[in-house]
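S.K.: Spelled out from the first residue to the last, the chains are:
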Amino acid sequence: MNDLLPFLPGQLDQVFDGITYFMPEIYLSVLFLVVLVTDLLFDKTSGWLCRIIACAGLALVIFKDLEQFRLLLTGPHFFFDQMLLLHQTSLVFKLVIDALSILLLLYFEWDDDLNSHPRGLSDLYSISIAAIFAMHLMTMSVNLLSVYLSVEMVSIASYLMVAYRAGGLSSEAGLKYVLFGAASSAIMLYGISLLYGFGGSLDLFGGNLLPGLMRVNPIAVSFALILFLAGIGFKLSFVPMHFWVPDIYQGAPAPVSAFLSTVTKIAAFGLLINFLTPFIYFPKFPMVFDFSLFLSIIGILTMIVGNFAATLQNNIKRMLAYSSIGHTGFALMALVTFTAQGKSALTFYLIAYALANTGAWMLASYFANTAKAENISDLKGLGFKYPVAGVCFVILLISLTGLPVTAGFYGKFLAFSSVYAAYQQNHNIGLLLLMITGAVTTVVSLFYYISIPLNLFLRKTERTTGFASSNPFLLLSVAIISLLIVFLGLFPDILVK
Amino acid sequence: MIPLSDFLIVSAGLFCTGLYIILSKHNAIQILIGIELMLNAAVLNLVAFGKFDRLNNGGQLFALFAIVLAAATTAVALAIILNVYKKYKTIDPGKIDELRD
Amino acid sequence: MENFLQAIDTLTIRFALAAVLLPLFAFVINICLPGKSNKAAGWVSTLAVLVSCALSVFVFSRAWNQHQVHQGQLWFTIGNIKLSAGILLNNLSVLMLLLVSLIALPVHIYSTAYMNNDENYKRYFTYLSFFCFSMLALVVVDSLVLFYIFWELVGFSSYLLIGFWFTRPKAILANKKAFIMNRIGDVGLLTAIIIIYVVFRTFDIEQLFGANALVRSTAFQVPGGWQYVACGGIFLAVAAKSAQFPLHTWLPDAMEGPTSVSALIHAATMVAAGVFLLARVYPIFDSQELVVLAVIGCFTAFMAATIALTQNDLKRILAYSTISQLGFMIMAMGIGAYASSLFHLATHAFFKCLLFLVAGIVIHQVQHIKDEYQLDIDPQNILYMGGLRKKMPLTFIACLIGGLALVGLPLTSGYLSKDGILIQSFEWAEGKSWLFKLIPIGALITSWLTAFYVARLIVKVFFGEFRLMQFNPHIKLHISDGAWQYRLTLLFLAICCLFPLFSLHPVLYEHAWVFSGFSRITGLDRVNIYHTIIPAGVNIFSILVIYWAYAVYVRQKALPFPESGLLFKLSYQEWYVDKFYNRFIVMPVMTLSKTAQWIDRNIIDGFIHLLQRTGILLSKIAEWTDRYIVDGLLHLIADLVLGIGNFARNFQGGKVQYYLFSMLAIILAIFLFKILI
Amino acid sequence: MNILSLLIFTPLLFGLLIILLPSAWRASFKYIALLATLVQLGISIWMYLHFKTGTAYAGVNNEGQFQFVQKLPWINLDLGTLGKMQIDYFIGIDGLSITLVLMSSVVMVIAALACWEIKSNLKGFFSLFLLLNAAVIGVFCALDFFLFYIFYELMLLPLYFLIGMWGGARREYAAIKFFLYTLFGSVFMLLVMIGLYLSVKDPATGNHTFNIVQMMNPANYDANSVFSVLGHQTLLGMPARTVGFVVLFIAFAIKVPVVPLHTWLPDAHVEAPTPVSIILAGILLKIGGYGIIRVCLGIFPEVAASGAFWLGLLGVISILYGALNALAQRDLKRMIAYSSVSHMGFVLLGIASLTAEGISGAVMQMVSHGFLATMLFFLAGVVYNRVHDRDIYNFRGLGTAMPRYTTFVMIAFFASLGLPGFSAFIGEAFSLVGAFESPSVNGALPYWMAVCGSAGILLSAAYFLWTLQRMFFGSLSLKGGDVWKTALVDLNFREIITLLPLALLTLALGVMPSLVFDKINDSVLALVEFTKHIIR
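Here the protein sequences come in this chain order: R, D, E and V.
Letter 23 of the first sequence, counting from 1, is numbered 23 in the numbering used here, and no numbers are missing.
Letter 51 of the second sequence, counting from 1, is numbered 548 in the numbering used here, and no numbers are missing.
Letter 432 of the third sequence, counting from 1, is numbered 1030 in the numbering used here, and no numbers are missing.
Letter 262 of the fourth sequence, counting from 1, is numbered 1537 in the numbering used here, and no numbers are missing.
One should not assume that every hint holds.
Heads up, simulated DSS-like pairs for lysine-lysine below, C-alpha to C-alpha not over 30 Å straight-line [said to hold, decoys possible]:
id: 1; chain 1: D; residue 1: Lys583; chain 2: E; residue 2: Lys634
id: 2; chain 1: R; residue 1: Lys372; chain 2: D; residue 2: Lys583
id: 3; chain 1: V; residue 1: Lys1394; chain 2: V; residue 2: Lys1760
id: 4; chain 1: E; residue 1: Lys968; chain 2: E; residue 2: Lys988
id: 5; chain 1: R; residue 1: Lys372; chain 2: D; residue 2: Lys522
id: 6; chain 1: V; residue 1: Lys1394; chain 2: R; residue 2: Lys460
id: 7; chain 1: V; residue 1: Lys1346; chain 2: V; residue 2: Lys1476
id: 8; chain 1: V; residue 1: Lys1305; chain 2: R; residue 2: Lys460
id: 9; chain 1: E; residue 1: Lys1253; chain 2: E; residue 2: Lys1272
id: 10; chain 1: D; residue 1: Lys586; chain 2: E; residue 2: Lys988
id: 11; chain 1: E; residue 1: Lys768; chain 2: V; residue 2: Lys1760
id: 12; chain 1: V; residue 1: Lys1394; chain 2: R; residue 2: Lys385
id: 13; chain 1: D; residue 1: Lys584; chain 2: D; residue 2: Lys522
id: 14; chain 1: V; residue 1: Lys1327; chain 2: V; residue 2: Lys1305
id: 15; chain 1: V; residue 1: Lys1760; chain 2: R; residue 2: Lys385
id: 16; chain 1: V; residue 1: Lys1394; chain 2: V; residue 2: Lys1807
id: 17; chain 1: V; residue 1: Lys1760; chain 2: E; residue 2: Lys634
id: 18; chain 1: E; residue 1: Lys637; chain 2: E; residue 2: Lys968
id: 19; chain 1: R; residue 1: Lys372; chain 2: V; residue 2: Lys1760
id: 20; chain 1: D; residue 1: Lys522; chain 2: E; residue 2: Lys1253
id: 21; chain 1: V; residue 1: Lys1305; chain 2: R; residue 2: Lys380
id: 22; chain 1: E; residue 1: Lys680; chain 2: V; residue 2: Lys1327
id: 23; chain 1: R; residue 1: Lys372; chain 2: D; residue 2: Lys548
id: 24; chain 1: E; residue 1: Lys1030; chain 2: E; residue 2: Lys634
id: 25; chain 1: R; residue 1: Lys385; chain 2: R; residue 2: Lys372
id: 26; chain 1: R; residue 1: Lys385; chain 2: V; residue 2: Lys1327
id: 27; chain 1: R; residue 1: Lys284; chain 2: E; residue 2: Lys680
id: 28; chain 1: R; residue 1: Lys372; chain 2: E; residue 2: Lys1253
id: 29; chain 1: E; residue 1: Lys989; chain 2: E; residue 2: Lys968
id: 30; chain 1: R; residue 1: Lys284; chain 2: R; residue 2: Lys372
id: 31; chain 1: E; residue 1: Lys768; chain 2: V; residue 2: Lys1754
id: 32; chain 1: R; residue 1: Lys460; chain 2: V; residue 2: Lys1398
id: 33; chain 1: R; residue 1: Lys380; chain 2: R; residue 2: Lys284
Don't read these hints as lab results, they were simulated from the structure.
Remember, predicted model here, so these are calculated numbers, not experimental data.
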């Protein structure tokens, strides 16, 4: 122990040095404590207070995020003993996560289903803040330890959120989620342990891990990598780790599902980028394990499974769940190019998707609140009763399908462009197949997305009673999201600076 | 000195046992135990490999974190299982399938 | 001097243009006129045609046997071609111009009386004016595109007029048939025009077929023998418009239109457009193609004549006779008797128009009787007529003249033109193999058959007793020649059927001005034996036939009522002869005629019906394909999507352990896959 | 303000106005929509009159020769290693588009007049209608492929709702079928568009560009890009440029529609309300034809030349198959819909001939069919509005009950079946001239195709005459008896002033084809010259 003492001051210096790069996260952890304390102090009535504190805190965090751009002028920066890495993409992802989180935190209360919880929502806010903190870590993790830690933190928080509302299907969803999630993380951990054993290091960028892996039998390495990817796949919900998604999204409260399908996914993509970067740029590693091919196949399968299975759904939430699987597949397509363009395309795609998806979940809540509409067929003729909501729903679904003039179209467009550009470089047949699958599944996706406008506007209903009112802010925020999506559809270059 | 391969074999055995349990048992708590076994297999690996990583002690460190997180997960899982039991009066995951296609 | 000539030409062109456009103005005015049966419509149209007629006479006098006048103007540009629209006046077009307006005028006058009681009086004249415009334009235009346009427009106006009484199911079936058959021809013509254009890069009739005909000068050769397709297209067009075998069956049906229309369009002018087309594009044909024409014409002439023998519908007889005569003209074109063909076209226009108008008057009168006494008869059936000569003498005389002209007896115009064709056909066949001889012989027989059915017609209608009296003796016949419009028209046309209008010489067709206007051979020698034998033989035998027919029909029906002693006696003396004739000539001829008609009804029409049915069947198949195969494929794709979706859903049984199992299985599969590749 | 932009965005402004007006004013919406279309018509007539002709204004592959051009930078994304993404708001017209723009404006006015039959949910209807209107005009004017695609896709959604919300009994099926079909085509078009964009560089700036005009110049392609003319790259084992052409062609062929991609059309037409049928048949189908000329032929001329046989074959099949199907229909609108398939086959045949006559004929046929299809669908709508039945067998002898109606029907039918004097004749005849000319000029098509095409003229006569005979002639006898007899009143004033201009227009174009040919001739010649040049 003593022989390590000389290193201690250096270590401490490093930690203090890292704190400047860790400001948003520190704010977040403080925020977590404040919200927790508020919750404890004010007990049941503290919901609105917690919300205000949480949102204000997140706004502050966003401000801190923005400040970090200054730090990046000198390029990416490792800190905390090479545990974390702050770089452009991760920062952007963090920003997006925080911004969306504010919206989602506000949204929690607007969902009547969740809001009717006897204990109030105050706990949920602290849990979400913890989850957001973990997501920040995910986007920056470059060490297998930090990877595992952040993933697990997000998972635990998510389990709680899914099972938060004890009644209804929530607990069933929670059980399934926790069992599936724990098993996946166990598998991932086993994979990590093997990687550690083969490579002799946990540091992805440290320069020891990869050469170590190159020396081991490729099959064993592949085995370990596949086990590891299973863990990330659980968060991203790509095939074959997607089985939990429909059940959990349907069973969980709508805002939680929105949370899981948007910010968690973005963070997981951030993590995947971090994890893959060293492998992609390490020469000859594709001989051992071709991530590009592997992810292409996964992407194709995911797109097909998600979109095709969605065509048969009648439950709105379940349909959105399947569609989010499909979108993961599409986003993987942008990722597998591993180019700068691909990354920016991925970012844009994820933002557009997350916005539209959040809006869609909000509308699912809205129609559940007002008309008790759980199934698509319950929406019959409601478009005439709620024209604004109906029109917004159409816009959002158009964006999710990827038709002009919406942000979703540019997302698809940029993704296709980046894959095309990559194809032009290396003539990889997998990329071509990805694009074709992407195009085909776009058509298929229309098939189920359109069933919502179909019911909203094309069908008539005799129903005249049983309508309740909903929080007007819900509709307002949906309308703002819709306008934003159309605006981004017209002038996308504002977002992609 | 026990060779590394023995550790690996034991951990692989643990992992497989865990896998078998989570696939075959009809009790959520048993499944949790299976998951624990799998985690422990990994932890065993980490510690065994950590022996060769003298400088950072990464493996041991990781093992500690893993154990803590496993405990946290288990706590959450048990709470959820309790909730489920209240509602369904069973904790056989195979019987809880209201959410399905 | 040249300027002066130019000015004169310009004037001629302008007059011709006016003559063409006047009916169009009448058409437009008539459309705008209020009321359904505005009598002003008749006068507007008639006046327009009258002025057209006068202008045509002027133009004719200017251009006949003068240099040809051709003026055009740029119409539009497409690609690198400039299409011009203009007027080409040469002997052919001015003759047609004159002919059409001359025939149209009496028909218009006649119609003002004939259609007087129709509630759609205005519509009738609107259509008629439109027809006149199209027909007049057809004969003077200088470009094949325009020619096609007006070619189809005359077909269209004929469609309108056949279906004039559109509430009658037969009429609308007939007009549909007419239009579609004509469309077959149109498609042929269009194809031909386009092929010609593609080869020569011009639509100009004068350049193509004029003095230095392009179609002659350059080798009209298209790879793959498509020049034959062009000729075939023209054949089709001619056959459809001029009702030649096998596209002739629309014409008898077209008789469902008003009789005045039949007279103008389906006897005198429009149906002759096919012959006119042949005359226009004559240089395109080589000798083999001409033989085909001759054969078709001859066969049609013979076939139609045999059918006419046994028809009982007055207008149908005339229709078949028209087909037969048109066959003559086509045959004449085929054997190189270009001038005679056109000559016959001109004479035929007058006498056939006359006959139709007569038929119109007769039918009109019978119709009156029918309406008055509520009889259940067909007013067009000649079996119900008879003895009308006393009641309507002028009509009878006119009919007689027309009939004789149709038969081609001396002193009539028909004699001049028809004998010319017969003689030239024999001359043509001279020195060729015996197969070629069949054509003049066929023509000869046809002309005798013509004599027979004409005689039958006249006898049945005008001689004997009015047979309706047998059904209902209370019928009081108060019928007459009718209004002055009828009389005037008949008189005019009857005069036109006599020889002086065409030739000062009553027997020699070469002296006819129409003939000499077209005949390219000057100083024709008349040493040829045919020139004496044929006219004599034909006419003598024709007269015999007529008498025979007269005897057969009048005697048979007149026997119980021996009114005329002389006739009776003659008939009586001829008894055995008749019997002989009946058995060995009449019966076979009748059978032949019945067979021909049967063929017409069942085989040719049957073929058309078969085509129609094939078309319908095809359309049904197409619809079926569309519904079950093309759409079925679509639904199959939808099913495929749903199938894949269902497969993916199969895993979602709601049991979390099963999910884990599936997940692990798939991971394992991926891993194995990774090892294998 | 650029006049073309004004033309495109006028309906949008009016649509916005309608959205903002309170629903209580709904009675005025149709007048606002009509006003919008009339303003648009005014603008396009002004453009038509001021459209300059001459070889200096041919356009096609020469950016400087387009007229009423507006070019604004729109989206400029820095894509790092791939250079900049350059998307312009680039609109302009040449001879190929001017007549179609004018035709569309006229058809829009007619469609607006047909909107009188719409009774429910007027605000939604008219705002969607005007949105569609803007998109349609935009497609004809866009010279940036990206912009083109945006407008192209923008048409889908309004149409989906217009068919789906105001349509007939099977409207859901028809609407979704239409949507899926078209989307299927356009998604793959997107892929090719991106490929082209990444292959082409603007020589002035060195950026990748979506400029259609620059995509026509082979020199602008990167040597080793996928769609490079000289690169001979392959996609999935086939030459890349062939793949690109085929994909784009399929996208447009769905719109045209070409057999066997046509089955959305009868369903959509039958179920759509009259104004939408009018727009569908009158304009939407032309977008397919226009796209084939402008995009497929313009960007892939050498593939078009080598594949002309197949294009022609599809054209001929469409002509015959559509006509045969029309013959078998009982529903009046379905019959007309199939007749559209048949008539648009001539467009394809004309284009496939790659001759000036053929392409001019195709454009003429498109313009003419725009007017005629409008007229036919309007006429079908007249009967349907009165008795809510379109089965040909349920009517007989309408000629006596509705003489004016019958007159217009006859004009429309005869004009459609190619009676000379009407525009369709010119269009069909010159498409056929092109097809006949092709074997000797460039060998693109064999003779028999042209002959088969001519047979289509015959078939079209058959089905139109059959309908005429069955429905309008004969003595009056209706399935609905006296109720129908009283319901079937003759055309009213609004309907007559709707139909009369159309009838006169087709007549005018038939008598004076120069109204169209004068404007398009230079562009068509330039296009033909350009394709020849590329082929060599």
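S.K.: Each of the hints needs a verdict: does it hold here or not?
M.R.: Status of the hints after comparison with the structure:
1. Under the criterion of a C-alpha separation no larger than 30 Å, the hint pairing Lys583 of chain D with Lys634 of chain E is inconsistent with the structure, at around 90 Å.
2. A hinted pair counts as satisfied when its Cα atoms are at most 30 Å apart, and Lys372 of chain R with Lys583 of chain D qualifies at roughly 26 Å.
3. Among the hinted pairs, Lys1394 of chain V with Lys1760 of chain V is consistent with the structure: their alpha-carbon atoms are about 23 Å apart, no more than 30 Å.
4. For the suggested pair Lys968 of chain E and Lys988 of chain E, the alpha carbons sit about 20 Å apart, so the restraint of at most 30 Å is met.
5. At roughly 38 Å between alpha-carbon atoms, Lys372 of chain R and Lys522 of chain D are farther apart than 30 Å, so this suggested pair is violated.
6. Taken as a hint, the Lys1394 of chain V and Lys460 of chain R pair is honoured in the structure, with Cα atoms around 16 Å apart against an allowance of 30 Å.
7. For the hint linking Lys1346 of chain V to Lys1476 of chain V, the alpha-carbon distance of about 17 Å falls within 30 Å, and the restraint holds.
8. With a C-alpha separation of about 24 Å, the suggested pairing of Lys1305 of chain V with Lys460 of chain R holds against the 30 Å cut-off.
9. Taking the CA atoms of Lys1253 of chain E and Lys1272 of chain E, the gap is near 29 Å; set against the 30 Å cutoff, the hint holds.
10. Restraint check for Lys586 of chain D and Lys988 of chain E: not satisfied, since their Cα atoms lie roughly 117 Å apart, outside the 30 Å limit.
11. For the hint pairing Lys768 of chain E with Lys1760 of chain V, the CA-to-CA distance comes to about 24 Å; that is within 30 Å, so the pair holds.
12. For the hint linking Lys1394 of chain V to Lys385 of chain R, the alpha-carbon distance of about 18 Å falls within 30 Å, and the restraint holds.
13. At roughly 21 Å between alpha-carbon atoms, Lys584 of chain D and Lys522 of chain D fall within 30 Å of each other, so this suggested pair holds.
14. Under the criterion of a C-alpha separation no larger than 30 Å, the hint pairing Lys1327 of chain V with Lys1305 of chain V is inconsistent with the structure, at around 35 Å.
15. Restraint check for Lys1760 of chain V and Lys385 of chain R: the C-alpha separation of about 39 Å exceeds 30 Å, so the hint is violated.
16. Between the alpha carbons of Lys1394 of chain V and Lys1807 of chain V the distance comes to roughly 53 Å, so the proposed pair goes past 30 Å and is violated.
17. Restraint check for Lys1760 of chain V and Lys634 of chain E: the C-alpha separation of about 21 Å stays at or below 30 Å, so the hint holds.
18. A hinted pair counts as satisfied when its Cα atoms are at most 30 Å apart, and Lys637 of chain E with Lys968 of chain E qualifies at roughly 26 Å.
19. Under the criterion of a C-alpha separation no larger than 30 Å, the hint pairing Lys372 of chain R with Lys1760 of chain V is inconsistent with the structure, at around 48 Å.
20. Distance restraint check for Lys522 of chain D and Lys1253 of chain E: the Cα-Cα separation of roughly 12 Å lies within the 30 Å cut-off, and the hinted pair is therefore satisfied.
21. Taking the CA atoms of Lys1305 of chain V and Lys380 of chain R, the gap is about 27 Å. The hint holds against a cut of 30 Å.
22. Proximity of Lys680 of chain E to Lys1327 of chain V is assessed by CA-CA distance (about 20 Å); at most 30 Å being required, the pair is judged to hold.
23. For the proposed pair Lys372 of chain R and Lys548 of chain D, the alpha carbon gap of about 59 Å is over 30 Å, so the pair is violated.
24. Our distance criterion of 30 Å between C-alpha atoms is broken by Lys1030 of chain E and Lys634 of chain E, whose separation comes to about 61 Å.
25. Note on Lys385 of chain R and Lys372 of chain R: the hinted pairing holds, with a Cα-Cα distance of about 14 Å set against a maximum of 30 Å.
26. With a C-alpha separation of about 52 Å, the suggested pairing of Lys385 of chain R with Lys1327 of chain V is violated against the 30 Å cut-off.
27. Only pairs whose Cα atoms come within 30 Å are accepted, and Lys284 of chain R paired with Lys680 of chain E is rejected, the gap being roughly 69 Å.
28. Simply put, Lys372 of chain R and Lys1253 of chain E have alpha-carbon atoms about 27 Å apart, close enough for the 30 Å limit, and the pair holds.
29. Restraint check: the Cα-Cα separation between Lys989 of chain E and Lys968 of chain E comes to about 17 Å, which is no more than 30 Å; the hinted pair holds.
30. Restraint check for Lys284 of chain R and Lys372 of chain R: not satisfied, since their Cα atoms lie roughly 57 Å apart, outside the 30 Å limit.
31. For the hint linking Lys768 of chain E to Lys1754 of chain V, the alpha-carbon distance of about 22 Å falls within 30 Å, and the restraint holds.
32. Between the alpha carbons of Lys460 of chain R and Lys1398 of chain V the distance comes to roughly 18 Å, so the proposed pair stays at or under 30 Å and holds.
33. Restraint check for Lys380 of chain R and Lys284 of chain R: the C-alpha separation of about 57 Å exceeds 30 Å, so the hint is violated.
Taken one by one, the earlier hints fail for this structure at numbers 1, 5, 10, 14, 15, 16, 19, 23, 24, 26, 27, 30 and 33, listed in ascending order.
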